[in-house]
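K.L.:
Sequence:
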Amino acid sequence: MSIFKNIEKSLIKKHSFVCYRKPNDTIISALFQNNDNIHTNNNLDSSGFVFAPFDDRNDTIIIPKESSTFLQETFSKSNINITKTTNSKDYDSREFHVNLVDKGIDAILNKNFKKVVLSRKEIVNLKDGFNSIKLFETLLNTYSNALVYIWFHPKIGLWLGATPETLVKINNDYFETMSLAGTLPYIENTIPKWTSKEIEEQQFVTDYIVEKLAPLCKTLNTDKTETIKAGTLLHLKTKIEGKLAVSNSELIKTLHPTPAVCGLPKDSSKQFIIKNENYNRSFYTGFLGELNMNNVTELFVNLRCMEIKNSEALIYVGGGITKNSISDREWEETTEKAMVMKRII
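In the working numbering, the protein residues as written are 968 to 1312.
If you're looking for bench data, these hints aren't it; they were derived computationally from the structure. Note that the structure is a prediction, hence the values are computed from the model and not measured. One or more hints might be untrue.
[Unchecked claim] Straight-line alpha carbon distances no greater than 20 Å define the calculated SDA-like cross-link-like pairs of lysine to any residue that follow: (1) K1044 / E1104; (2) K1290 / F1171; (3) K976 / I1100; (4) K1276 / I1123; (5) K1032 / I1005; (6) K981 / K1101; (7) K980 / K1160; (8) K989 / K1122; (9) K1032 / N1002; (10) K989 / L1281; (11) K1233 / S1249; (12) K1160 / H1006; (13) K1179 / T1192; (14) K1136 / I1100; (15) K1122 / K1220; (16) K1220 / Y1175; (17) K1101 / T993; (18) K1081 / N1291; (19) K1220 / R1024; (20) K1185 / Y1153; (21) K976 / I1275; (22) K1164 / W1298; (23) K1233 / D1073; (24) K1081 / F1171; (25) K1290 / D1069; (26) K1196 / N1259; (27) K1094 / L1125.
[What the hints assert, rightly or not] Estimated spans, in silico, between C-beta atoms of each pair: (28) K976 / Q1238: 27 to 33 Å; (29) T1189 / G1096: 22 to 28 Å; (30) T1199 / K1276: 22 to 28 Å; (31) K1210 / I1005: 31 to 37 Å; (32) I1154 / N1001: 45 to 51 Å; (33) I1154 / D1174: 25 to 31 Å; (34) L1076 / S969: 54 to 60 Å.
Just so it is clear, CB atoms sit at the ideal spot from N, CA and C, and this is done for glycine as well.
Given only the sequences and the hints, what does the whole structure look like? Please build it.
P.N.:
Structure, rendered in structure tokens:
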């Protein structure tokens, strides 16, 4: 039985599962739990596929490898036609988000923090006959350089995404992570023109991660910043790697949430988010991926994602705010990011 048939079967039986493909890979992997038990792993010491929320005061969910069926198969891309979806509504009004950004800028100018990432969600009404498995296939065909996944637990929800951002990859005591910030629309045959705001934001993220990781590492190196493409968007990325002097879980808890999805300093920006965003991020900007599977951990930040609830898709989007941010432009950036997901529904 193919993985896609198993997904269909698990959805009907309401059994927990995850199916995913790593960036630039042709193999799709899946863990089928075969029941509806909720397994938590806040200590990050088990083996399986982990699904963690933005707010670490809430439980981290794991689909355990030892009590699940693990399957893999090759996925062959096919040609698909994508049409834009317009039947959507904003969870928060434009005015609310612009005011939220202005409030964030004021807090930065008052030196409460250097950067904060502010988000919102949009609701898309799903068409009759919507099929989450077909949507997963569309994501697989569209985003070859992202972690593409479908995750389901009957007591928690149904999530899909295509995230370009690695939280961390750990193999024995060697690790790789990245700082990712800045957003521009991709225009073919055009050299991207990054503004001082975007370059500054990227450097903030890199410097902060290096500062926090240095005491945990035997060695630590950073590569040159480069532009990467994620769907129809461009981002600035810096690779960071080294050798660990501490446990894997300590590294993960130090990294999450990253400045790219929270802000810096972490604690003050996180408190501002929880107090002012006016909604629960849930698993958006959390992390997900393989935990301690064959001595390797490979985790990704949960971006470019959506939650399917009843006849609606809840699309989560956000952007980094610095002292040089312009609130109207930040709103436009979130609409561009929302369209990345809306156009494939």
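K.L.:
Determine which of the earlier numbered hints do not hold for this structure and return their numbers in increasing order.
P.N.:
Violated hints (numbers, rising): 7, 8, 10, 12, 14, 15, 20, 26, 28 and 29; every other hint is consistent with the structure.
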